[in-house]
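Colleague: Okay, here's what each chain looks like letter by letter:
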Amino acid sequence: MFLSDSDLQAIWLTVRLASIVTAILLLVGTPIAWWLARTRSKWKGPIGAVVALPLVLPPSVLGFYLLLAMGPHGPVGYLTRELGIGPLPFTFWGLVLASVFYSLPFMVQPVQNAFEAIGDRPLEVAATLRAAPMDAFFSVALPLALPGFLTAAILTFAHTVGEFGVVLMIGGNIPGVTRVASVQIYDHVEALEYAQAHRLAAVMLMFSFLVLLALYAWRPNPKKAG
Amino acid sequence: MKSLKILLLHLCVLVIPESWGAEVNVAVAANFTGPMEKIASAFQKASGHKAVIAYGTVGKFYAQIKNDAPFEVLVSSDAETPSRLEKDGLAIPASRFTYAIGKLVLWSAKPGVVDDKGEVLKRGAFQHLALANPKMAVYGAAAVEVMNKLGVAAALESKFVLGESITQAYQFTASGNAELGFVALSQIYQDGRFAPGSYWLVPTELYPQLKQEAVLLVKGKNNAAAQALLTYLKSDAARQVIRAYGYEL
Chain Y
-4 MFLSDSDLQA IWLTVRLASI VTAILLLVGT PIAWWLARTR SKWKGPIGAV
46 VALPLVLPPS VLGFYLLLAM GPHGPVGYLT RELGIGPLPF TFWGLVLASV
96 FYSLPFMVQP VQNAFEAIGD RPLEVAATLR AAPMDAFFSV ALPLALPGFL
146 TAAILTFAHT VGEFGVVLMI GGNIPGVTRV ASVQIYDHVE ALEYAQAHRL
196 AAVMLMFSFL VLLALYAWRP NPKKAG
Chain L
6 MKSLKILLLH LCVLVIPESW GAEVNVAVAA NFTGPMEKIA SAFQKASGHK
56 AVIAYGTVGK FYAQIKNDAP FEVLVSSDAE TPSRLEKDGL AIPASRFTYA
106 IGKLVLWSAK PGVVDDKGEV LKRGAFQHLA LANPKMAVYG AAAVEVMNKL
156 GVAAALESKF VLGESITQAY QFTASGNAEL GFVALSQIYQ DGRFAPGSYW
206 LVPTELYPQL KQEAVLLVKG KNNAAAQALL TYLKSDAARQ VIRAYGYEL
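Residue numbers (the numbering used here), protein chains in the order written: chain Y, -4 to 221; chain L, 6 to 254.
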């Protein structure tokens, strides 16, 4: 067998994590991107900066503070305990929450750019045709921004697959729960199992290349999309 | 033009080293972080040489050294890695020695969780037990050995959370995310005092001896500072620091 059972389990877990995170971020990131694209509020700068923070913060730093925040003495830990969910570190949903935060800019920024590229004109036209704001959003803005969504979704998915530092800090390396492919490769390397590490890394490399190829090959011509 | 000259002048000041003693690049196992900090600063005072230290897991250091990392001394958490490097021709034969014998502790940041006989493991009334990954860390392998001897390993396995190093096992436990964890005594013991919480000093007959060895690497062969550091590590002053962290010698 090319990959061991535990490698396959790690890959499956990674795909599941990335899919769920992408789905959640499509729902959460879109309103944020829309607001950032349309607002004239003085909060646009600060909120935009907060959204971009995970781009700058080292994942190990982010992971460490997420560990403290989600822990029994942290604010998120307090909240989840009060809600009866229990502590999040070392759980799959803990990873999901951390990844949503970590991958947020990869969803918000491309979608925001797409929304901004539409400009005011099409929405004003929709308004003169008596489209309600919600209607204009769904029937004018969304279809026009579709290429941006595609880019954002692929980037978010790929970025979550490539996540390592945050998972290492809050995951606890539990097979089938938090041991994703990147951590599995790291384990192989640390245990000097270089052959297994090479195989799994090759699979990751192929996957990443195909995802990016899809992104660049299928992205519609910006002139037509704009 | 003038401002450029001033800028260059400032840059020169920035790159002038503080002292003219030699430097030695050292890779140090995570569990030895506390004592190494003290030893390194005492070493600098005593010799004028500066130890530039990287802390981490020994598996990673091994891969880096094999790929030409600039480390001159390895202060390992095991005996296996230094001897493997020796076989690979990357360490100086006969420079290897045991600088400390590690001790394993079961520890909780909360008082009253861990009893002094380790019965808490048999009861299993907790959600998470932190340990270093047994595949790559000797302290993790020792922890699994202890649980095997007590006959509780299989029952507890689903509660394991694995740190990539003993440092992370400590972090998981100290932050309270894992109620208890197997850590190195050196992490929770200093100058005769234990960190707050509750602990069980695991009897040494329950796990294989945690011999920690240091070795001179080929890159440090001609560096006087590297030799001096290893000599200093054997000195009484260093041994005193090592003992103060609960290691045996």
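One should not assume that every hint holds.
[Unchecked claim] Per the computed footprint, the stretches of chain Y lying under chain L, defined by three or more beta-carbons under 8 Å from a beta-carbon of chain L, are:
1. 64 to 76
2. 175 to 189
[Said to hold, decoys possible] Chain Y side only, calculated, beta carbon under 7 Å to chain L, not exhaustive:
3. Pro84
4. Phe85
5. Leu163
6. Asn168
7. Pro170
Keep in mind the hints are simulated off the structure, nothing from the lab.
By construction, the Cβ of each residue, glycine as well, lies at the ideal position given by its N, Cα and C atoms.
Colleague: None of the hints should be skipped; say for each whether it holds.
Modeller: Here is what the structure says about each hint:
With 4 residues having a Cβ less than 8 Å from any Cβ of chain L, the region 64 to 76 of chain Y passes the three-residue criterion, so the hint holds. Check result for the region 175 to 189 of chain Y against chain L: holds, 6 residues qualifying (beta carbon to beta carbon below 8 Å, three or more required). Hint status for Pro84(Y) relative to chain L: holds, with the closest Cβ pair at about 4 Å, below 7 Å. Annotation: interface hint on Phe85(Y) holds; nearest CB of chain L at approximately 5 Å, less than 7 Å.
Given the 7 Å rule on beta carbons, the hint for Leu163(Y) holds: about 6 Å separates it from the nearest Cβ of chain L. Residue-level restraint check for Asn168(Y) holds (minimum Cβ-Cβ distance to chain L is 4 Å; threshold 7 Å). Interface restraint check for Pro170(Y): the shortest CB-CB distance to chain L comes to about 9 Å, outside 7 Å, so the restraint is violated.
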